[in-house]
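We have chain D; now place chain X onto it with these hints.
So the sequence lines, in the order shown, correspond to chains D and X.
Residue numbers for the first sequence follow full-length UniProt numbering, so the first one is 1 and each next one is one higher.
Residue numbers for the second sequence follow full-length UniProt numbering, so the first one is 1 and each next one is one higher.
Worth flagging that the hints you see were computed from the coordinates, not collected in a lab.
None of the values given here were measured: they were computed from a predicted structure.
Warning: the hint list may mix true and false statements.
It does not matter which identical chain is used: a pair holds within one copy or between any two.
With a cut-off of at most 27 Å between alpha-carbon atoms, the simulated DSS-like pairs for lysine-lysine come out as follows [stated by the list, open to error]:
id	residue 1	residue 2
1	58	159
2	58	285
3	48	137
4	27	112
5	159	319
6	27	79
7	137	58
8	112	405
9	79	413
10	27	78
11	413	137
12	48	285
13	381	405
14	48	159
15	112	224
Number of protein chains: 2
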Amino acid sequence: MKKCIETILLSVTVAMVSAQEPVVIEKQGHFSVAGKTIQREGEYDNSKFVGWATQEEKGQSYRADHAFVHYQIPVQPKKLPLVFIHGYGGSGVCWEMTPDGRDGFSTLMLRKHYSTYVMDLPGRGHAGRTSATTTVKPVADEMFWFDIWRIGVWPDYNKGVQFPTDSVSLSQFFREMTPDLSDHRQDVTAIDALTERIGKNILVTHSAGGFPGWMAAMQNQKVKGVVAYEPGGYVFPEGEVPAPIEGLTGGVQGIPVPLEQFMKLTQIPIVMYFGDYIPETPSEKLGDENWRVRLQMGRKFVEAINRHGGNATLVELPKIGIYGNTHFLMQDLNNTQLADLLEQWLDVSVGQTQTMAKAFSSTEQELIDISNAKWQWMSEKNVDKLESLFHENAMFVHMGGSWGKEAELETIKGGFIHYKHADIHDVSVKFTANIGIVYSNIHLTSMVAGNEVTFPFMVTEVFVKENGNWQLGSLVFTRLLERTENQ
Amino acid sequence: MKKCIETILLSVTVAMVSAQEPVVIEKQGHFSVAGKTIQREGEYDNSKFVGWATQEEKGQSYRADHAFVHYQIPVQPKKLPLVFIHGYGGSGVCWEMTPDGRDGFSTLMLRKHYSTYVMDLPGRGHAGRTSATTTVKPVADEMFWFDIWRIGVWPDYNKGVQFPTDSVSLSQFFREMTPDLSDHRQDVTAIDALTERIGKNILVTHSAGGFPGWMAAMQNQKVKGVVAYEPGGYVFPEGEVPAPIEGLTGGVQGIPVPLEQFMKLTQIPIVMYFGDYIPETPSEKLGDENWRVRLQMGRKFVEAINRHGGNATLVELPKIGIYGNTHFLMQDLNNTQLADLLEQWLDVSVGQTQTMAKAFSSTEQELIDISNAKWQWMSEKNVDKLESLFHENAMFVHMGGSWGKEAELETIKGGFIHYKHADIHDVSVKFTANIGIVYSNIHLTSMVAGNEVTFPFMVTEVFVKENGNWQLGSLVFTRLLERTENQ
Numbered sequence: 001m002k003k004c005i006e007t008i009l010l011s012v013t014v015a016m017v018s019a020q021e022p023v024v025i026e027k028q029g030h031f032s033v034a035g036k037t038i039q040r041e042g043e044y045d046n047s048k049f050v051g052w053a054t055q056e057e058k059g060q061s062y063r064a065d066h067a068f069v070h071y072q073i074p075v076q077p078k079k080l081p082l083v084f085i086h087g088y089g090g091s092g093v094c095w096e097m098t099p100d101g102r103d104g105f106s107t108l109m110l111r112k113h114y115s116t117y118v119m120d121l122p123g124r125g126h127a128g129r130t131s132a133t134t135t136v137k138p139v140a141d142e143m144f145w146f147d148i149w150r151i152g153v154w155p156d157y158n159k160g161v162q163f164p165t166d167s168v169s170l171s172q173f174f175r176e177m178t179p180d181l182s183d184h185r186q187d188v189t190a191i192d193a194l195t196e197r198i199g200k201n202i203l204v205t206h207s208a209g210g211f212p213g214w215m216a217a218m219q220n221q222k223v224k225g226v227v228a229y230e231p232g233g234y235v236f237p238e239g240e241v242p243a244p245i246e247g248l249t250g251g252v253q254g255i256p257v258p259l260e261q262f263m264k265l266t267q268i269p270i271v272m273y274f275g276d277y278i279p280e281t282p283s284e285k286l287g288d289e290n291w292r293v294r295l296q297m298g299r300k301f302v303e304a305i306n307r308h309g310g311n312a313t314l315v316e317l318p319k320i321g322i323y324g325n326t327h328f329l330m331q332d333l334n335n336t337q338l339a340d341l342l343e344q345w346l347d348v349s350v351g352q353t354q355t356m357a358k359a360f361s362s363t364e365q366e367l368i369d370i371s372n373a374k375w376q377w378m379s380e381k382n383v384d385k386l387e388s389l390f391h392e393n394a395m396f397v398h399m400g401g402s403w404g405k406e407a408e409l410e411t412i413k414g415g416f417i418h419y420k421h422a423d424i425h426d427v428s429v430k431f432t433a434n435i436g437i438v439y440s441n442i443h444l445t446s447m448v449a450g451n452e453v454t455f456p457f458m459v460t461e462v463f464v465k466e467n468g469n470w471q472l473g474s475l476v477f478t479r480l481l482e483r484t485e486n487q
Numbered sequence: 001m002k003k004c005i006e007t008i009l010l011s012v013t014v015a016m017v018s019a020q021e022p023v024v025i026e027k028q029g030h031f032s033v034a035g036k037t038i039q040r041e042g043e044y045d046n047s048k049f050v051g052w053a054t055q056e057e058k059g060q061s062y063r064a065d066h067a068f069v070h071y072q073i074p075v076q077p078k079k080l081p082l083v084f085i086h087g088y089g090g091s092g093v094c095w096e097m098t099p100d101g102r103d104g105f106s107t108l109m110l111r112k113h114y115s116t117y118v119m120d121l122p123g124r125g126h127a128g129r130t131s132a133t134t135t136v137k138p139v140a141d142e143m144f145w146f147d148i149w150r151i152g153v154w155p156d157y158n159k160g161v162q163f164p165t166d167s168v169s170l171s172q173f174f175r176e177m178t179p180d181l182s183d184h185r186q187d188v189t190a191i192d193a194l195t196e197r198i199g200k201n202i203l204v205t206h207s208a209g210g211f212p213g214w215m216a217a218m219q220n221q222k223v224k225g226v227v228a229y230e231p232g233g234y235v236f237p238e239g240e241v242p243a244p245i246e247g248l249t250g251g252v253q254g255i256p257v258p259l260e261q262f263m264k265l266t267q268i269p270i271v272m273y274f275g276d277y278i279p280e281t282p283s284e285k286l287g288d289e290n291w292r293v294r295l296q297m298g299r300k301f302v303e304a305i306n307r308h309g310g311n312a313t314l315v316e317l318p319k320i321g322i323y324g325n326t327h328f329l330m331q332d333l334n335n336t337q338l339a340d341l342l343e344q345w346l347d348v349s350v351g352q353t354q355t356m357a358k359a360f361s362s363t364e365q366e367l368i369d370i371s372n373a374k375w376q377w378m379s380e381k382n383v384d385k386l387e388s389l390f391h392e393n394a395m396f397v398h399m400g401g402s403w404g405k406e407a408e409l410e411t412i413k414g415g416f417i418h419y420k421h422a423d424i425h426d427v428s429v430k431f432t433a434n435i436g437i438v439y440s441n442i443h444l445t446s447m448v449a450g451n452e453v454t455f456p457f458m459v460t461e462v463f464v465k466e467n468g469n470w471q472l473g474s475l476v477f478t479r480l481l482e483r484t485e486n487q
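The following block holds chain D by itself, in its conformation from the complex:
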């Protein structure tokens, strides 16, 4: 038995948080960025009531052309947040939901400890007020998009498609679509304004959001990487624009930008993902055609970036054995797999990895440091420091009894127990949900009621994060049986 136990090492591991665990949010909310204020001339007459549906505009203002941003910041966020940019026909919710009710892509990345900023670009979703005049009417178009977005060829689903084939999911999917009330010229400005507000970030774009993504990345050096899911268009250095590629849906042509501007894209890591059902040769299907030309132009784009010394990667998912993805890959049934892929890319290319090279991760080390500081403060009877560390509900479990925060502080302050020195032989940290537990194998030398004693203990400390600070929620001493050999 003894041997059995002793061979079990207190190995140091970082628990991976599974997709079903709760998401622990430090802060969340919405705000708007960019836009302008239209100011009508004259003086506003406070006493004039014209009616609810009409307005006397004189002297009044109107904010327009802003973007709306929904953000969530998890506890222990990764260094760089992700900025999600939607494509044509919808809003930011395409990143935040799936048609069949599974986690949205932004929630998946939140679970991986990325802060998420999901944009509604100007004129879409919550960013409805614009400077444009637009007439919106119902135009039946869902079959067209079913085809274009490679869900299938209406009414047939693509074989093996990663899209839920029940009618409820399809209905949820189409109801994500929402009109664009903008003049289509405000996207880059809005992305830039968000970057200025939140600082360094990674852009994650989809489809028609791809092009403003490249533009924003060239414009602002705080964009530290771009992840593009099936981008719709590309930039090339002037004089290096490839011949347009013809196709049934209008084909695609590269947009020239000055070389100096293009070179900005060579200074950040870039990855593009394309899904399934994209042929190499011309097809009669609109969806095939639309993405055939964009994938082929995308290859040239990646070549151009890398030719100029950049670091761009094109991932054609079927080529790495991932099949069935539609154009809305981030909502597809295998979106957790795509989130894992993205996480790996971010780890490697953007250096977002929690390095495993050293013995402890930064969070583990943080807790160990706090635990060590605590032994020091106990030794020094530094009750002020301990008071701020101990959680209001903390319990202290000793051989002599169990008590709460106040009594523990009193015990230390009054000298009933003086924790003189903890000789730490081994320490490990385990994380579950949003708590960290530090297990320390120690010999503790202390003065208890005037007598100096030294005992071997396993000390269990439960740390919980509140107000952004780790607090000690439980401190438990387990006196170990003495052994003949040294610990």
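Below, chain X alone, put in the same frame as chain D:
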């Protein structure tokens, strides 16, 4: 010392989660409800590409008139979720943000463990596709709303107003406004559809969202209460409609409904809150006038409900010493105070309180039951049950050593330690963040390597909630010093 310790009782308390703690989300996402599908006649031609901006509608469909819902479910949610319904001129984000970046009202209630369902009513925000044809153009109206919503009398802020008076906040506030693309007839249907989908709930309405709130509550018995912040209109039993109240902004008149229908409102608790700056007598200010008539009609509405045996409360905030609230009270600088008020009302009137009458709350009892079951399973060597209870990263701290899940199960299965009986003298539960810690003062009788021993222990069990289930994350034995008297 001993006396000091022994007088400290292991009292049972439920920790209140402060506003700055992380929000722990079990599940979140978006979905749409209600709406219809417009289906054009004919057969869709998959090969026809007309262009991106135009469509050949033949055989195509168009989903319209749905509402969009953003939901978040916290861990340990209260029984009834809150459904938030916005008013005129905006979308659901009015509940999810504040102009100055503090927690939105829905986040405040989430922190109080309420599930939140925030609606974008048809034609607003993410619910942009409707069956109506609407022309949207910039109409300068912000000064009008500044006045109507009692922020002040443009350009002056009301004295003591609970609205941030910096220009950035005002700009954030106005940019929450978004067009309504609907025909204004789909709101009640959408609220009803959401209620059908999620079941029993409490409606929390604002302003013009108030009237559809009453209608939805009368229509669906699963609405178990209504909280109305400054509702814009009211229903009355036919024959009991008060005289219209005239005012500068058009006044207000009650809408008659059959008595039988009205009686539904007498069967659920209702509370209405009105803010500051509402005079009793006619005024020359539009904002004063707009809410003077609605408050006065609201008093008659509450009287009518209570006259018919209902339970409606009107809270005029200045009358209880809360001053400075605008029409957007849920975003005001004192919105945490209003959230506390709401929580109290929900506790008392809807029975959402975690009752303190019995010795343990339901969650505490749940953990104690699990802890007891665990002692039973240990005694029975029921390794299967224990395996599902023990967290993958669980540690077991004994006098003889510390080890992980697998080794503990092996120890129990192989009989190295047989936990025969735990005589529990006292038990308490402490909650911090999303964990629960059970402290049990026991005498444990066990067979260790063939010898029966009985020791007094303080057993510390750390439970974490994963996948909706409590799992044991740490089990620590602290052997207590023997005492002359019984424990």
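I want to check one pair: residue 27 and residue 79. Are their C-alpha atoms no more than 27 Å apart within a copy, between two copies, both, or neither? both (15 Å within a copy, 24 Å between copies)
When no copy is named, should residue 112 and residue 405 be tagged within, between, both, or neither for a Cα gap of at most 27 Å? Between. Shortest inter-copy distance 25 Å satisfies the 27 Å Cα cut-off; intra-copy 34 Å does not.
How would you label the pair residue 381, residue 405 (within, between, both, or neither) given a Cα cut-off of 27 Å? within (14 Å within a copy, 36 Å between copies)
Pop the pair residue 48 and residue 159 into one bin, within, between, both or neither, using alpha-carbon distances up to 27 Å. between (63 Å within a copy, 22 Å between copies)
Classify it for me, residue 79 with residue 413: is the Cα-Cα distance of at most 27 Å met within a copy, between copies, both or neither? neither (39 Å within a copy, 44 Å between copies)
With 27 Å as the alpha-carbon cut-off, assign the pair residue 27 and residue 112 to within, between, both or neither. both (16 Å within a copy, 15 Å between copies)
How would you label the pair residue 413, residue 137 (within, between, both, or neither) given a Cα cut-off of 27 Å? Neither, since 74 Å and 69 Å both go past 27 Å.
Regarding residue 58 and residue 159, is the shortest C-alpha distance of 27 Å or less found within a copy, between copies, in both, or in neither? between (59 Å within a copy, 26 Å between copies)
Identical-chain pair category, residue 27 with residue 78, by Cα at 27 Å: Intra 14 Å, inter 21 Å, cutoff 27 Å: intra and inter.
For the identical chains here, do residue 112 and residue 224 meet the 27 Å Cα criterion within one copy, between copies, both, or neither? within (19 Å within a copy, 37 Å between copies)
With identical chains, the pair residue 48 and residue 137 could be close in the same copy or across copies; at 27 Å between alpha carbons, which is it: within, between, both, or neither? between (33 Å within a copy, 22 Å between copies)
Since the copies are identical, ignore which copy is meant and state whether residue 137 and residue 58 lie within 27 Å (CA to CA) inside a copy, between copies, both or neither. between (30 Å within a copy, 16 Å between copies)
Violated hints for the displayed structure, listed by number in ascending order: 9, 11.
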